[in-house]
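**Q** With the hints as a guide, bring the two chains together.
Residue numbers (the numbering used here), protein chains in the order written: chain A, 12 to 127; chain B, 17 to 130.
In case anyone wonders, no lab produced these hints; they're calculated from the structure. We put the CB at the ideal spot given by N, CA and C, even for glycine. Just so you know, not all the hints are guaranteed correct.
What the hints assert, rightly or not - Selected chain B positions facing chain A (in silico; Cβ < 8 Å):
no. : residue
1   : 49
2   : 54
3   : 58
4   : 72
5   : 117
6   : 119
7   : 123
8   : 124
Claimed, not checked - For the chain B half of the interface with chain A, some residues (derived, Cβ under 8 Å), not all of them:
no. : residue
9   : 59
10  : 61
11  : 96
12  : 121
13  : 122
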Amino acid sequence: AQSVTQLGSHVSVSEGALVLLRCNYSSSVPPYLFWYVQYPNQGLQLLLKYTSAATLVKGINGFEAEFKKSETSFHLTKPSAHMSDAAEYFCAVTESANTGFQKLVFGTGTRLLVSP
Amino acid sequence: KAGVTQTPRYLIKTRGQQVTLSCSPISGHRSVSWYQQTPGQGLQFLFEYFSETQRNKGNFPGRFSGRQFSNSRSEMNVSTLELGDSALYLCASTREGAGDNEQFFGPGTRLTVL
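Chain B on its own, in the form it takes in the complex (with noise of 0.2 Å):
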């Protein structure tokens, strides 16, 4: 079984631009996390989506949107970045009704903001 997918793997921009990262689940599952990992601020919970709709919000600012596809795929956007959103972008996915939420992260996406 094919685990979580995220496209790309790495990524450079300037400041103000806009960025699309995407994230495949595992076949199967329904819902889909975003989560920002930075040294600084650590692991954070940025969104959620399920059904194609977004179920949980992180404390994040209104420039960081995402979607979900109806074949579960999802996608995170950023806008007007700044220097602060260089990161790594690990999406998540959960198999709904699984008693523990256990969630199966992929590799991520290095955003390197110049």
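Isolated chain A (complex conformation) (with noise of 0.2 Å):
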């Protein structure tokens, strides 16, 4: 089975730093990756996904993220951090079902505070 691991279930940054949010995951087969974001009160909202076309990974609001095969790693990255931007992020991977569905396995999630 499919797991996610998300390194800090909190991280605090000021506005303008940089943010990074780390992801590992456990496959030995490239997977699909996912990072969601959820604000308080609201369902998720995709930020970015990796199929397999590029490594580097841009998103929306400023997001990228990198697929490391190597590291098994999938660390989402702001150069630049907005008050906006607080919210929860999930990691992603899919497991596949012999039915051909693809359900998600979430890591735990991390909490980003911004700070003026």
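**A** Set out below in structure tokens:
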């Protein structure tokens, strides 16, 4: 079974600072990888996804992530944090079922706090 | 294009009752999945429906069930509610045939069991 590890349940940065949220997955086969963001009392919004087309993936709101197979990592970064980035971020990996459906296996989430 | 909609957004029930949640997928999406989100267990897969059939199921007791209608709308039902069922229930729809099976999530239904 697939698993995802997100290091750090909370990450605090100052506005304008670099954001780095860590994600490691367990898979011997390159999976599909996703980063979702969740604002309070809302559902999950897709930030970006890796589908083997390119190792550096650019997403919405200035976020990007780099797939590193040798490190089984897919860390999320943003050069300059904005107050509106404060939210919870989830890394997810797909796990195939024999029906062809690929359910999402989520990490435990990282809450990003941005201070002025 | 309208996104995934879920109703109701908030529910309060008492132990032992049963509850039904509704999800309308994005137009043209035929696969609907349900996830439970709790502070203790995080996000966990409940089940997935496609063409009115449950194709995949997570590790939840039989009290959790669902169905899908011919228009792809889905409902999930929880019977004999327990305090631990308090959670945010998220529905997601997928366009079958998309290579990455990207799932689009609704805003969720917040269930509180007293």
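**Q** Now look at each hint and say whether the structure bears it out.
**A** Right, here's what the structure says about each hint:
For residue 49/B, the interface hint holds, since its Cβ comes within 8 Å of a Cβ in chain A; the closest pair sits about 7 Å apart. The interface hint given for residue 54/B is violated, since its Cβ lies 11 Å from the closest Cβ of chain A, which is over the 8 Å cut-off. Hint on residue 58/B holds. Least Cβ distance to chain A is approximately 5 Å, under the 8 Å limit. The beta carbon of residue 72/B comes within 5 Å of a beta carbon in chain A, closer than 8 Å, and the hint placing it at the interface holds.
The beta carbon of residue 117/B is positioned within 8 Å of a beta carbon in chain A (closest approach about 4 Å), and the interface hint is therefore held. Among the interface hints, the one on residue 119/B holds; its C-beta lies about 6 Å from the nearest C-beta in chain A, closer than the 8 Å criterion. Hint status for residue 123/B relative to chain A: holds, with the closest Cβ pair at about 4 Å, below 8 Å. A least Cβ separation of about 5 Å between residue 124/B and chain A falls short of the 8 Å threshold, and the interface hint therefore holds.
Given hint, residue 59/B at the interface with chain A, holds; its Cβ is 4 Å from that chain's nearest Cβ, closer than 8 Å. Residue-level restraint check for residue 61/B holds (minimum Cβ-Cβ distance to chain A is 5 Å; threshold 8 Å). Given the 8 Å rule on beta carbons, the hint for residue 96/B is violated: about 26 Å separates it from the nearest Cβ of chain A. A hinted interface residue such as residue 121/B counts as satisfied when its beta carbon comes closer than 8 Å to some beta carbon of chain A; here the least separation is about 4 Å, so the hint holds.
A hinted interface residue such as residue 122/B counts as satisfied when its beta carbon comes closer than 8 Å to some beta carbon of chain A; here the least separation is about 5 Å, so the hint holds.
Hint violations for this structure: numbers 2, 11, all remaining hints satisfied.
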